[in-house]
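Next come the chains, spelled out residue by residue.
There are 2 protein chains.
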Amino acid sequence: MGSIDSTNDVALSNGSSVGEFKPLEAEEFRKQAHCMVDFIADYYKNVESYPVLSQVEPGYLRERLPETAPYLPESLDKIMSDIQKDIIPGMTHWMSPNFYAFFPATVSSAAFLGEMLSTALNSVGFTWVSSPAATELEMIVMDWLAKMLKLPECFMFSGTGGGVIQNTTSESILCTIIAARERVLENLGPNSIGKLVCYGSDQTHTMFPKTCKLAGIFPDNIRLIPTTLETDFSIDPHVLREMVKADVDAGLIPLFLCATLGTTSTTATDPVSSLSEITNEFNIWMHVDAAYAGSACICPEFRHYLDGIERVDSLSLSPHKWLLAYLDSTCLWVKNPNLLLRALTTNPEYLKNKQSDLDKVVDFKNWQIATGRKFRSLKLWLILRSYGVANLQTHIRSDVAMAKMFEGFVRSDPRFEVVVPRNFSLVCFRLKPLPGSDVEILNKKLNDMLNSTGRVYMTHTIVGGIYMLRLAVGSSLTEEHHVRAVWELIKKLADDLLKEA
Amino acid sequence: MGSIDSTNDVALSNGSSVGEFKPLEAEEFRKQAHCMVDFIADYYKNVESYPVLSQVEPGYLRERLPETAPYLPESLDKIMSDIQKDIIPGMTHWMSPNFYAFFPATVSSAAFLGEMLSTALNSVGFTWVSSPAATELEMIVMDWLAKMLKLPECFMFSGTGGGVIQNTTSESILCTIIAARERVLENLGPNSIGKLVCYGSDQTHTMFPKTCKLAGIFPDNIRLIPTTLETDFSIDPHVLREMVKADVDAGLIPLFLCATLGTTSTTATDPVSSLSEITNEFNIWMHVDAAYAGSACICPEFRHYLDGIERVDSLSLSPHKWLLAYLDSTCLWVKNPNLLLRALTTNPEYLKNKQSDLDKVVDFKNWQIATGRKFRSLKLWLILRSYGVANLQTHIRSDVAMAKMFEGFVRSDPRFEVVVPRNFSLVCFRLKPLPGSDVEILNKKLNDMLNSTGRVYMTHTIVGGIYMLRLAVGSSLTEEHHVRAVWELIKKLADDLLKEA
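Those sequence lines, one after another, are chains V and P. For the first sequence, UniProt numbering gives the first residue as 1, with consecutive numbering after it. For the second sequence, UniProt numbering gives the first residue as 1, with consecutive numbering after it.
Excised from the complex, chain V in its bound form:
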């Protein structure tokens, strides 16, 4: 900030004054950031002592905070004490070792350092020239991770494809639907938009139909293929083929299939290999959403889920879900980057530069929805280097082993059942139906009782009409003894509940 006289001594209404203002003074920054590091390290140390699910009521915070921003500065001490007093009690603690809800969002020290540095450098990498290191490291790290997943060369910069780090799966899929849409409409004209059909399943994440709608796909042309327990709630290729054929016969244009590795409800896995044969036959863009389970494919024993990936057009995977990356981080690989570029490129005068004009570089603004972007790859680079492939495999296997152990506990208790097969680190289970009592209400009660203890947070789902509890192992602080303790708690509450019933 400048030191131009007229701007420095702003007279304040209360008679005091604000002098020269320096928002980024290095030594003050150092002092304050050290203070925040200690706050956070202490938080991680103590996080187990807080109720996992926040116990506040809606509107709690508005009652505690003032109605307007302060006119004059407040001290960091005061602010930190308010964070402890007003914010922490309103947190549902995703970092708690006893957080088993949704899919936990995994973290690590290395990723935190990467995020700090990415924030601090604050480069805006829309074009190569605006941030060469950010662009090039992203290309390198995306190739590294592709190799860890044993993706074919057609998804790598070192081959004929490439990858980009997006914030979320929604954005990744929106970009690919648009690329697929433009490929078709470039030939047929925009009026054909009403003929385009997108396919997912009733287990595909709800962001998928939302994303199709964003892209202008007509609501009647978004097909959610019904799944059943027979195929463990994965897409039956025969059903897809019949549906596609019927659409073609009706004069519609099958555009896009979103297959999932690890659905949100039950970690079902759609059969990539057989589905991709159909999409290739009908010239449908096939995307694999492996947000959660893709990370497991760095272990040879899980890699088979990606068999057939060479016939697929794009793949996304979220390191914030299971690769220790903190939010937000979603990796998207595409086989034909030119199709993305044709759909998403902008070229305004104020961003023009020699290197882009010569087409010698990657400009990541043309691989995403937005123009600006952070130095996103630092986080992943630090994870991969700090831990190495070996520790990351250990991490995946450890979570899976804990889930397997829990699955064993459930199976050993005749009152409970595992509802769908456990594929990764999620166990879907319930109290078995009891004569004379509503099994859904019973299990709902069990879930409510569990969460209201504050000792654990678990969420539910309903699939194939069955209400089930989900224990998703994944929090970076969860250890074996936590999982054992959850099971003890579940058994105890089930005792109480069944006595009542």
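Hints are computed from structural coordinates only; laboratory data are not their basis. Ideal placement from N, C-alpha and C gives every residue a C-beta, glycine not left out. A hint or two may mislead.
Reference listing, derived: stretches of chain P covered by chain V, where coverage requires no fewer than 3 residues with Cβ under 8 Å from a Cβ of chain V [what the hints assert, rightly or not]: (1) 23 to 29; (2) 39 to 51; (3) 240 to 254; (4) 303 to 317.
With the hints as your guide, set chain P onto chain V.
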């Protein structure tokens, strides 16, 4: 991570082994994060010593880094030394006080603390229950900022509207176009999508036509109204009115207008008040993109640019651009949140919960494209409290004063001219045409010479056929003496250049 025996001692190909893996051990975290804080504080101290524009050649990094991720962990020391050696030279230093390109991305110690904490808590705030504090603080902070901007109550949660923090302007505008589109198509059916028309100007950011295209607006129906020097490159309401009328006469449906406060090229300001009269008359959704200049409206002397805002449907402003927030941070206010909700709501079983079912809470997943989201408001809350409105006004005024000073330098030198009026902290200028030499080539040369010194980074634009240099004051470390030094450098290089010419 667990301590289940079978997963711990993974035999490694080189004969060593990886033991128990704890990616988030609090004391190790503390040690490493302190180390990163010092690295960053030192970087800020030294950033002025680096060439502002990176001097590396495309492909520099691939030559330096290995082709695959390491199998075994590497030490933090080694990684930090590689950051210094391989990453820093590839940075275009947005944090340098001599960065005057594009719009600088502004930062502050307070925002850094907020970003650290938001990262550390790693809560995923799709629903209220998944993160009550994150949801409620965002509502409060959006109201605080609305009050600082003197927005009418119809944009506040305390009134009848509300606001949400998005990552970027692109996402914000995509959400509002979709809301506007659905409002119309709900009545007319999806087939009318080909009749919808969106309006911006030839000065509107290129993300706007891109975003319209994403939303399925037909390319022929995206109108970029030509602007001229006569209106300082802002939209002429008469031209808009004629265009809208012609579209209506042709059977089309005017849908959306994006007006800009502070265009990217020259900080032109579209006349919100008179434009909004037209959009109200024709029932067009009007959005005001105030990404850069909106922040200035916290000062009474700039607030008039928002006159008429009560007739507008939505407004976005990016605190990462001029409110010291680091990337990414874009605030979006809407007058009728229900229209957003109708277009963007998802309600999968696995996210269902009592509070959402009772409609007692805000679930921010229904206000954005993606499902997941960080605790985005912490950063803004820390900025507003740590500095107070008074210092933030000082900050805006100081940048404007420095730009004004630079404008004075340019006007005092008869070889130069200011090409368009300076509205905020950007000065657009050039060497005046010289008989016998191409003025565009001359100014291009001057820009190249400036940037190749490494002492400064400035970018150009072309508006109304005129190539001009842009000096955008805004880097948080820029002080008056830096701006004086840039002018001295420009004069010296102009001397050299004009001697040649």
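### Task
Count residues of the segment 303 to 317 of chain P with a Cβ under 8 Å from any Cβ of chain V, then say if the count reaches three.
Our answer is that it is violated, as 0 residues pass the Cβ test (under 8 Å) against chain V, missing three.
#### Entry: Given coverage of the segment 240 to 254 of chain P by chain V, tested with a Cβ cutoff of 8 Å and a minimum of 3 residues
violated (count 0)
### Task
Three residues minimum, CB to CB under 8 Å: does the segment 23 to 29 of chain P make the cut for coverage by chain V? Let me know.
holds (count 7)
### Query
Three or more residues of the segment 39 to 51 of chain P near chain V by CB distance under 8 Å?
holds (count 7)
The structure does not agree with the numbered hints 3 and 4 stated previously, though it agrees with the rest.
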